[in-house]
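Q: The listed protein sequences correspond, in order, to chains A and B. Take the first sequence: its position 40, counted from the start at 1, is 319 in the working numbering, and no numbers get skipped. Take the second sequence: its position 164, counted from the start at 1, is 293 in the working numbering, and no numbers get skipped.
Note that these hints are calculated values from the structure, not bench results. Just so you know, not all the hints are guaranteed correct.
[Said to hold, decoys possible] Straight-line alpha carbon distances no greater than 20 Å define the calculated SDA-like cross-link-like pairs of lysine to any residue that follow: (1) Lys170(B) <-> Asp393(A); (2) Lys170(B) <-> Ala306(B); (3) Lys170(B) <-> Glu388(A); (4) Lys170(B) <-> Pro525(A); (5) Lys170(B) <-> Arg305(B); (6) Lys170(B) <-> Gly473(A); (7) Lys170(B) <-> Ser213(B); (8) Lys170(B) <-> Phe394(A); (9) Lys170(B) <-> Pro296(B); (10) Lys170(B) <-> Ser397(A); (11) Lys170(B) <-> Gly442(A); (12) Lys170(B) <-> Val387(A).
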Amino acid sequence: MAHDPAVTSATHIPAREPLAPEHEHLGAVALEVRHLTAGYPGFPPAIEDINLRVPVGELVGLIGPNGAGKSTLFKAILGLVHPTAGQALAFGVPVREARDRIAYMPQVEEVDWDFPVSVLDVVLMGRYRAFRPFQRWTRADREASMAALERTQLAQFAQRQVGQLSGGQRRRVLMARAIARGARLLLLDEPFAGLDAAVQHDLVQILDGLAAEGKAILVATHDLSCVANSCDEAICLNRRVIAAGPSAEVLTAEVLTTTFQRHLLTVPRTDIMQFVTSPGVAGVGGED
Amino acid sequence: MEALATWLFDPYQFEFMRRALLVLAITSVVGGVVGTFVVHKGMAFSGDALAHSTLAGVSIAFVAGMNVSIGALIAAVVTALGISWTRERARVSYDTAIGILFVAMFSLGVLVISTRTTYTPDLFSFVFGDILGVSRSDVIAAAVLAGALLLFVGACYRQLLFVAFDPAMARTVGVRARFFEYALLVMIAVAVVVALKAIGIVLVNAMLIIPAATASLVSSRFQRIMGLSVVLAFIASVSGLHLSYHAGVAASPAIVLSGCTLFIAGLGWRRWRGRPTRPVEARAAA
Chain A
280 MAHDPAVTSA THIPAREPLA PEHEHLGAVA LEVRHLTAGY PGFPPAIEDI
330 NLRVPVGELV GLIGPNGAGK STLFKAILGL VHPTAGQALA FGVPVREARD
380 RIAYMPQVEE VDWDFPVSVL DVVLMGRYRA FRPFQRWTRA DREASMAALE
430 RTQLAQFAQR QVGQLSGGQR RRVLMARAIA RGARLLLLDE PFAGLDAAVQ
480 HDLVQILDGL AAEGKAILVA THDLSCVANS CDEAICLNRR VIAAGPSAEV
530 LTAEVLTTTF QRHLLTVPRT DIMQFVTSPG VAGVGGED
Chain B
130 MEALATWLFD PYQFEFMRRA LLVLAITSVV GGVVGTFVVH KGMAFSGDAL
180 AHSTLAGVSI AFVAGMNVSI GALIAAVVTA LGISWTRERA RVSYDTAIGI
230 LFVAMFSLGV LVISTRTTYT PDLFSFVFGD ILGVSRSDVI AAAVLAGALL
280 LFVGACYRQL LFVAFDPAMA RTVGVRARFF EYALLVMIAV AVVVALKAIG
330 IVLVNAMLII PAATASLVSS RFQRIMGLSV VLAFIASVSG LHLSYHAGVA
380 ASPAIVLSGC TLFIAGLGWR RWRGRPTRPV EARAAA
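The shape of chain A in the complex, shown without the other chains (with noise of 0.2 Å):
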């Protein structure tokens, strides 16, 4: 399905203040993905033909359903599923040449949080860089990550073993790995799946400071209001890209009932959007 023009804007404008003048060699696009096609073996492919691309200084809103693809379009993007067809460049580059300047969040689940290391361990793996034997983390690696478990509210935990964390602490320690790594792009797969709205709250502050320094962030999320609220530009994806632009423009009932699958109703003056299922369409309300 190609991008719908009733609600793409061929010209966007940024929502936030444009980059300072010491971040605008940064260039315009981190992440620029063109034609993705990728799956896994022996089922239909779990993104088709996808295109879009994230500006420098920009907080982008992957939003689509379950099983919409959103963990397989970054998994695609960083190599982790090799894709069928088309390619991902970072900062003109392919993403595996761009290593150094992209930082990437899992979903919490996909870390094994029973495992003997502490919070402060986990966040210094974001500093790694090249293979060279016998290799141990300097005072630079120490105090990146140190400053960013300070940014995510963290430091006092830092020798706690993970498992001792909350969920939402759980997230902000992959958070902070991906600061500490100093990437200019950050792909973050579902960093506020579970939160409540003041956690969440903190997180998007913080994504949108990281913003303002110009890095370029590309936040998988089912979270609407969110993406409604906080992101600069959203990508509607349910296997293909459903419409991509700036987000007040993007999020309508339209485009959102086409890639929810199910009809939307929408409560503007509080800006919160909730789910109803149409009559005849299976499946709870508030499920995504």
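Position chain B relative to chain A; hints supplied.
A: Below, chain B without anything else, positioned relative to chain A:
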């Protein structure tokens, strides 16, 4: 006091007991280091499979009149690589791949042994362990293998830890995760061969699992667990060896049972100390 000193040091007047102690010390270091990865990456079944697969190498080498330890090493490494290869090519789960390779290699070993019409005590010393029959060359072979393994772990510690904890993320930052996953299996194979002559095919996996599992009860830091595993493995080894010497029982099961006793003590310690069960956020807010 004198009686205790006699009990402790008397056995070591014999050359074979000194050799046994030395090979158990080497086994403890290797078992503790590799076992920590095995326990925390959930690879206990791999250890058991690689131990049993050595029977094929041991029996073929024995029948062909070659060095039996080299045969065991080749069989274990071939099985280790075969497990990863089968998993990738046949697209079966890890434990299914292990299950197939394990029984294939063990069956091959039994098949080869069945061609021998005479009783082969040397061969069975590998199956049940023969700590008192360890030769000087066995000790040297174990030391060389252990040295190579420790050098590799020291050089690649960060990569191995990263791959054990979060292989997907490791790949995204440029760690050759596939290589290190193969390497972990080969490390287990080497550890099994180091301990094989002393402990035997049937029980060798215990030297990987029990000390690391016990250490994990009292610490939650990977490096500390590793160090503590080595110490606990050595305590279990010495206790078992003394039990064997003074009570006249087989050394290998005595060592394993000493290790199990330490594990039970570790469970008691954990219960007594009480480990935090509530998330820290809840306690911080309280």
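Q: Taking 20 Å as the top limit, are the C-alpha atoms of Lys170(B) and Ser397(A) close enough?
A: Distance ~16 Å between Lys170(B) and Ser397(A) Cα, so the pair holds.
Q: Holds or violated: Lys170(B) and Gly442(A), Cα atoms, limit 20 Å.
A: Given pair Lys170(B), Gly442(A) holds - Cα atoms ~15 Å apart, limit 20 Å.
Q: Could you grab the alpha-carbon distance between Lys170(B) and Ala306(B) and see if it respects the 20 Å cut-off?
A: holds, 14 Å
Q: Please verify whether Lys170(B) and Pro296(B) have alpha carbons no more than 20 Å apart.
A: Measuring from Cα to Cα gives roughly 11 Å; hence the hint holds.
Q: For the pair supplied as a hint, Lys170(B) and Glu388(A), confirm whether the alpha-carbon distance does not exceed 20 Å.
A: Given pair Lys170(B), Glu388(A) holds - Cα atoms ~16 Å apart, limit 20 Å.
Q: Within a Cα-Cα threshold of 20 Å, do Lys170(B) and Arg305(B) meet the stated pairing?
A: Judged against 20 Å, a Cα distance of about 17 Å means the pair holds.
Q: Does Asp393(A) sit within 20 Å of Lys170(B), going by the straight-line distance between their CA atoms?
A: The given pair, whose Cα atoms are some 10 Å apart, holds under the 20 Å limit.
Q: Verify the proposed pairing of Lys170(B) with Phe394(A), using a straight-line Cα cut of 20 Å.
A: holds, 8 Å
Q: Take a quick look at whether Lys170(B) and Ser213(B) sit within 20 Å of each other, Cα to Cα.
A: Holds: Lys170(B) and Ser213(B) sit about 15 Å apart, inside 20 Å.
Q: Just to be careful, I want the Cα atoms of Lys170(B) and Pro525(A) compared with a cutoff of 20 Å; is the pair within it?
A: violated, 44 Å
Q: Do the alpha carbons of Lys170(B) and Val387(A) lie within 20 Å of each other, as the hint requires?
A: holds, 17 Å
Q: Against the 20 Å threshold, does the CA-CA distance of Lys170(B) and Gly473(A) hold or violate the hint?
A: violated, 27 Å
Going through the hint list in order, the structure does not satisfy hints 4 and 6.
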